[in-house]
Amino acid sequence: MAISAANPPAAHEQGAPHMTDRFSTESLRRALGARPFKFFESVESTQDIAREWALSDPALPNGAVVIAEEQTAGRGRGGRAWQSPPGTSLACSIVLRPRVVPERLPRLTIAGGLAVAQTLAPLLPEGALALKWPNDVLVNGRKICGILTEATWIGDQLGPVILGIGLNVRADFAGTELEGVATSLEPELERPVDRHVLLANLLGHVFRQAARAGEPALIDDWRRWLGTLGRRVTVFPQVGDSEAYQGIAEDVDDSGALFVRLDTGERRRIVAADVGLAEA
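Residues in the sequence shown are numbered consecutively from 25, following the working numbering.
FYI, nobody ran anything at the bench for these hints, they're computed from the structure. All figures in this text were calculated on a predicted structure; none of them were measured in a lab. Take the hints with a grain of salt, since some may be wrong.
[Unchecked claim] Label pairs and their computed distance ranges (CB to CB):
| id | residue 1 | residue 2 | range |
| --- | --- | --- | --- |
| 1 | T96 | D277 | 35 to 41 Å |
| 2 | D277 | I178 | 17 to 23 Å |
| 3 | E214 | G179 | 48 to 54 Å |
| 4 | E274 | L84 | 30 to 36 Å |
Using N, Cα and C, we set each Cβ at its ideal position, and we do this for glycine too.
Between the sequences and the hints, there should be enough to build the whole structure, so can you do that?
Here it is as structure tokens:
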């Protein structure tokens with residue numbers, strides 16, 4: 025989920041000493057306590073497994089999680105393919121049972137972004153971390169994490185929502201096509217990270233932030249982390265043959281939509297699009 029399928033990088037060259045934090049069912053049980061989880065050495069997609077698990081077990085509690093050491097056919101926003109080589113990342117999908125109206129489902133992606141920010145911010149220098157609309161986490165301007173939210177439906181009723189998080193921990197992007205746009209936590213910190221501790225902290229923050237999905241304060245907190253606001257952006261529409269256009273990202277509304285002010289003065293509300301920071 026966290027690494028592009030095109031020429032995926034290998035584990036960081038300093039990754040060998042980190043085998044002590046390799047995931048296992050036993051190590052994850054110690055780290056996660058009573059939280060229900062499923063662990064796999066290798067899967068195509070944690071999202072698919074989490075969705076099937078949630079739909080097959082109506083009693084499965086909020087916060088259950090699927091974790092994989094390796095993900096071979098994960099997917100990101102817009103159906104993009106992502107891979108997570110063994111030992112390099114956190115690849116997990118969390119089952120949420122939110123009490124929100126369908127119109128506010130984007131707030132769960134927002135909650136996921138805030139959870140990642142709250143997990144990483146204490147480890148990083150001030151100002152290094154920012155959220156990029158709508159679902160990326162950046163460190164020093166490069167992507168370190170992606171978030172994917174997928175709803176399930178039981179008839180016309182909202183069922184469990186699956187929140188997928190792919191966080192680069194020790195992937196080495198040096199010499200790859202992603203070197204200038206992607207990064208990992210350990211190279212940024214210049215020290216090892218225990219993925220068990222990182223995962224437990226992340227899941228705790230996800231649980232707390234998802235519970236706030238109906239609160240206006242969630243959007244206020246998200247807005248403070250959004251490095252997209254105030255920047256000149258390029259918007260790539262996802263529907264039809266509309267051409268890309270540029271403007272200034274001004275604000276977000278309470279459903280997570282982005283407002284962009286075009287050079288003509290027109291203000292557009294962006295719900296589904298790819299948005300990149302424009303060159304200065």
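Taking the hints in turn, this is what the structure says about them:
| no. | hint | in the structure |
| --- | --- | --- |
| 1 | T96 x D277: 35 to 41 Å | 37 Å, holds |
| 2 | D277 x I178: 17 to 23 Å | 29 Å, violated |
| 3 | E214 x G179: 48 to 54 Å | 52 Å, holds |
| 4 | E274 x L84: 30 to 36 Å | 41 Å, violated |
The structure fails to meet hints 2 and 4 from the earlier list, while all remaining hints are met.
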